[in-house]
Amino acid sequence: MNRLWWIRVYALTKKELLQFSRDIVLLFAVAWFFTAEIYIAGSGVSMELNNASVVVLDHDRSEASREWISQLKQPYYNVLGHAQSQQQANVMLDKGEVIGVFEIPADFQKKLLLNQQTSIQLQLDASNIILGTLANSYSGLMNAEYNQQWMLKNLKVVDPDSIQVPMVEERQKINYNPEGKSTWFMPISDMMTVITLLSLFLPAAIVVREKERGTIEQLSVAPLSPFQILFPKILAAEIIILIGVAVCIFGIIGNVFQVPFRGSLLSFFMVTMVFVYAVSGLGLFISSVSRNLGQALMVSFMLLMPMLLLSGAWTPRESMPDFQQYLMFLSPLSYYIDIGYSIILKGATLQLMWQPLLQLFGLGTLLFWFGIWQFKRQFN
Amino acid sequence: MKWSRVKTVAIKEIIEIWRDKLYLSMAFMIPTMMMVVLGFGLSMDVEKIPFVAVDYDQSQQSRDYLHRFIDSRYFDYRGMKAHEKLAEPLMMQNKVRFILVIPPGFQRDLLQGQRVQIQPVIDGLFTFQAKVVKGYVSAINANYNQELMTQWLKKKQGMNSHEIAALLQPVTLETRYLYNEKLSSLWSTGSGMIMLVMLMAPAILTALGVVREKESGSIFNIYASTVTRSEFIIGKILPYVLISMLNLLILSWMALVLFGVPFKGDPLLYLTASLFYVSCATGIGMLVSTMVKTQASAALITMLGTMIPGIMMSGLLMPVNSMETAARVEAHLLPAMYQLNIVWGSFLKGQGWPELGTNVMVLAGYAILLWSLSIWRFRKRVNS
Amino acid sequence: MPAIIEVSQLTKCYRKHPAVKSVDLNVSQGEIYGLIGPDGAGKSSVMQILAGVLRYDSGQVKVFGQSLASDKDAETIKSRIGFMPQGLGLNLYPELTIEENINFFADLRNVPKDEREQRKQQLLDMTQLNAFRDRPMKNLSGGMKQKLGLVCTLIHKPELVILDEPTTGVDPVSRRDFWEILSYLVQHEQMTALVSTSYMDEAERFQNLSFFYEGKVLAQGEPDSILEDVKGWVAECYCGEALTFYQHLKTLFSQVEIIGERMRIVALGSSKEDFEMQLNNLLKEFGLVHDLFIRPIELEDVFIGLLARWRQKESDNDIQQQAGAIEVSAIQFEERPAFDPKELMIEAKSLSRFFGDFVAVDEVSFDVKAGEIFGLLGANGAGKSTAIKMLTGLLKPSQGYGHISQSSLKDSGIDIKQKIGYMSQSFSLYADLTVHENLKLYGQIYGVSRGKLKSRIEWALKMGSLQAETDTLAGRLPMGLRQRLALGCALLHEPKVLFLDEPTSGVDPLGRQQFWEILVSLAKLNGVAILVTTHYMSEAEHCDNLALMQSGRIVAQGSPQSLRQQVADDLGQVISIRVDRPYDALSILKKAQYEQASLFGKRVHLFSLNPEQTLSEIEQILHTQQVMIRGIQQLSPSLEDVFIHFIETEHSDAAHSKEVS
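Protein chains in written order, with the numbering used here: chain P, 1 to 380; chain D, 1 to 384; chain E, 1 to 661.
If you're looking for bench data, these hints aren't it; they were derived computationally from the structure. Hints should not be assumed to be uniformly reliable.
[What the hints assert, rightly or not] Only some residues are given here: those of chain D computed to face chain E with a beta carbon under 10 Å:
id, residue
1, Thr8
2, Glu16
3, Ala224
4, Trp376
5, Arg377
[Said to hold, decoys possible] Chain D side only, calculated, beta carbon under 10 Å to chain E, not exhaustive:
id, residue
6, Lys7
7, Val227
8, Ser230
9, Arg381
[Said to hold, decoys possible] Label pairs and their calculated CB-CB ranges:
id, chain 1, residue 1, chain 2, residue 2, range
10, P, Arg22, D, Phe28, 37 to 43 Å
11, E, Arg309, P, Ser21, 36 to 42 Å
12, D, Arg68, P, Arg61, 35 to 41 Å
13, D, Phe28, E, Glu117, 34 to 40 Å
14, D, Ile308, E, Gln66, 55 to 61 Å
15, E, Glu180, P, Phe370, 52 to 58 Å
16, D, Trp376, P, Ser85, 46 to 52 Å
All C-beta atoms, glycine included, are put in the ideal place defined by N, C-alpha and C.
Just chain P, same shape as in the assembly (with noise of 0.2 Å):
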């Protein structure tokens, strides 16, 4: 590699860079996703339990019944009141216009008063599993503390500490985002979306471009081996999504919704050049084995849509079933997720995540050096 060489990439680097910075619907595209889009989705999307509507058939109607639907709060639970029947309630859940039925038995208090145990029923749509869970969960944390309060009130304890038993008592630390805030996690994610799907589509779509125009074939007679075409292009498009990342890193992620960035920003640079390098290869692939822009579009969707939902930035990789986890060992985003949200995040350093990065860089070369033989062999 002499001087001749670098002053060849650098030509076609710097044609890459001017060409996008005259495509203003391109320019913009790349401004509007890494900025507005990212907060669109940061802030509107959670998967959280919010005013869910319930019901309670309460057969009893009594004081305690009513202490203890008044813990049922927001920003849980919606209580729409009271159902007057079964058959009532039942046509609510089956409408859909409320999620759970809390029915109250006739002798709750009597038996509470009593020292017997008593029990509530829940009925729960379960039909969206997201709901049922969380509602389920959160149902349980609050009869708990229903409970504890009722046993603490029965013995006559009024400071909880100073009780004597044996018991665990956990004090359950969450690490990274204590509270749980969704705006923590959804723009991270989405961020990530984002540079999938450029890296993918940017030097695809240039390529494209250029063997639609014609002017792959100039290239292609010109003494340039087919590294030399297809680096610069490569090259161009980390330049435009690093700057994108940048400006979403600082001016939305880290200052709308103030997420603490944890671990070193130039290894998450770095680890972002390698992540782009690899995606780019893939794009480079589907470049090649299309023959225009609408074929190359359906093939990208096609490997994108499991690669976008199933590499962990919806679910946590081990909620996936076995196959599907093995097959995401193909996926660069895969590992892009688990070093990027763990550096933001978490504070990682990349003497912690070496082995995921190898592994990325790895894959990254392999899917590089295949597109770059798909590319020469397209010709004959």
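Let chain P serve as the given structure and place chains D and E on it in line with the hints.
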């Protein structure tokens, strides 16, 4: 409107699709593939959570406590670490989501009837997962406490187990999961995928089908001929409705057999509603195709226009009721939510016309609206 | 004859860009009317407006007396019109068979079934597609696609057919068949045809025509009356390489070209005698003694003259347009390379290329020497581009071998790439980079050293007369300048061999003429060996040697002169007779055993080895049938005739050898 000309357009389209093997296989493979990958993969089950333990006590009691977690199907034990400092990097590396630290003197204090504090450390990264894990830990711990207390109270105060139970847990909450008794992700998101896939795939397929003609120039045959707008749009859309209905049957079969979802409702209602729904989806594609010129922009717009509302605004992941008002209004303006009601209503809830009738009507109205809009938007004389 | 199309003051803009500027057009029943012009001249827009598929901004448009002002009005004429959009076979359905395609078009227009079958049979017979009814459209050749497109357009017996560039990129034989079928139908079905083309040499096929450029009509009327209005003369003399003479002539006449060994000078408006005297004096002055042939000008010369005048007028108003005429002295490379005109620069030996079962190039052999321009001629899909791609290293040959200035194609990839310049079909420029940025980029890619780069860029700007446009985006340049910029990019590293793949397609005739001027100078001054492909037959005259390609094979090879001579020896001269009733004349002559007679607008052409005798025979036949002869010309065979002749002899040879075996 002459039916013979609608037929001419439709039959030509079917022959073309049938002979273009690549397009044909895409038309059937993409939905099936998406169904398998996303149905299995987009799992919201919080199970097999990897965790490590740091047991400073190393006693009979502490091991007993630890086993409560090891034996739970919700947790996946990944070994013992000598010190918290050794466990924390594992959490940073996303190798474990939960660390159980048992303090020294755990057994001694408990035997002396004292309270012991433990500190379970939970990874807060995935907020949904963290909240559920939190619930699991509390539940296991509460269970353990109850046993401890029962033994202690029996010994100290001579109470019987009934009394103790009434004291410790006066109110038990018995949850009965309706419609999805086993709380299975496959039943829920798996069957919901029918809604998502059948929104995206038909829309994209239809949009590409028309824009392809625009790109190649064969649309000029239509422009220049005496075919009316409605004849063309309906003739063009019918083959895609047919393909989509076949796909829908395949996906429904997959939900039944592959995911093991029960079908409790009215098949006739389900099929009628689905016919309206795929008419909506193809209608969306058709409407997009009247507005754009290239396959690339058609694919991109339909993709973005169906994927985001399909996932975010349908109630599939985020319940419609817990959305902000603006988002909730939007959800009601899109067909996805109604179809999800029908899919879940028919498969899981066993509902029929009384409960789902309105949804079917809305979908039918939506389909008519989209088709009419497409016909209205389609121009046989263009500006450029 | 009643008026079918009446257009006045028609204007159409795309966004802000005007495509049609106050155009007037009148077409009467039963004529073949031509719209001629380069790409982007506004022909397609006018045709689409007339077919009722495109809206317009202002003006009056009437078809069959019906105004097309509203969308609803436009619908009413569609049952009487057949429209074939631009792009060969692009409006057909590739997966459908010939028959299915035709049926679709018929059913779309509610043609009753028995009528459909009858009409289909008739058209298939006429186009000789009957044997291929069940073949999918995607497996047809270019010429067959064109015919199928025509059949589909005609299936409902339209009164008016609008055909947008039906002959572009089609082989000459199919082109000739196309014109025959069209004139037959126009004659027998009282049909009217509006046809567009970018081939200037097709102008004489039309009874009336409009010459379009940049949305305007520059000339309109009958071809002969356009010629008569201008009154100009062409002088041709064989004077070899008389560069100083040429440069002097350029100062006196606007149109001077060197074509092979000929010098061609056009004078518009002056009388034949004055012109002849002036030239003879000049020849004497330069000490050249040569025969001078003076003939009336052709339509293409008229168009070029009109374009030059129009541009002159524009550039007076607009400084931007000043990039114009070529300076020959600017074309020379910095150090004039000494070259040996015998040195082999390109050598192809039995080159073949297969794509699966398909043979794209079949045993092609030729050589090109230093300073020679070699032309590969053929229709789209004849294998020209594939051949060029193999020689530039873009494609590996399946068989055979080749050398580029002593380096073998097999093992010296990068080596070859450094030696050659290449300009692809689409001009391969980055439309969103400026002229200067494009040049700099290619300079750096080809490793032109930093010290030299500046002077090379200046050279390229000067060569293409692009100095005024350095900071213009390449996409905003007019076609002709864009093409010169692409050439400049390919020449920055002073290559010894230049490959040009259809460098002139879609460019206006003046731009094309200027481009060839540059090419000729490049070859003669710098010794560059140039391989160029084209489907414009008229351009081939500029080449030193030609190869005619058809279905991947070379059917004839030699200098334009010798090829023409061969045809003249085989078939004789072309007799062109202008008559008052051309259709009748044609059928009379065909009946009288002049079967190869063909129609060119109001003229009938036929070959004769013995022109005197044939003429007297024809005059007599036509006289007895009361057809008035208005004029007779004798022409030497055009290259198009050459092409057709060689293809047909090859076909009959092949058929013959089949019969024998």
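Hint by hint, where does the structure go against what was stated? Just the numbers, ascending. 4, 5, 8 and 14
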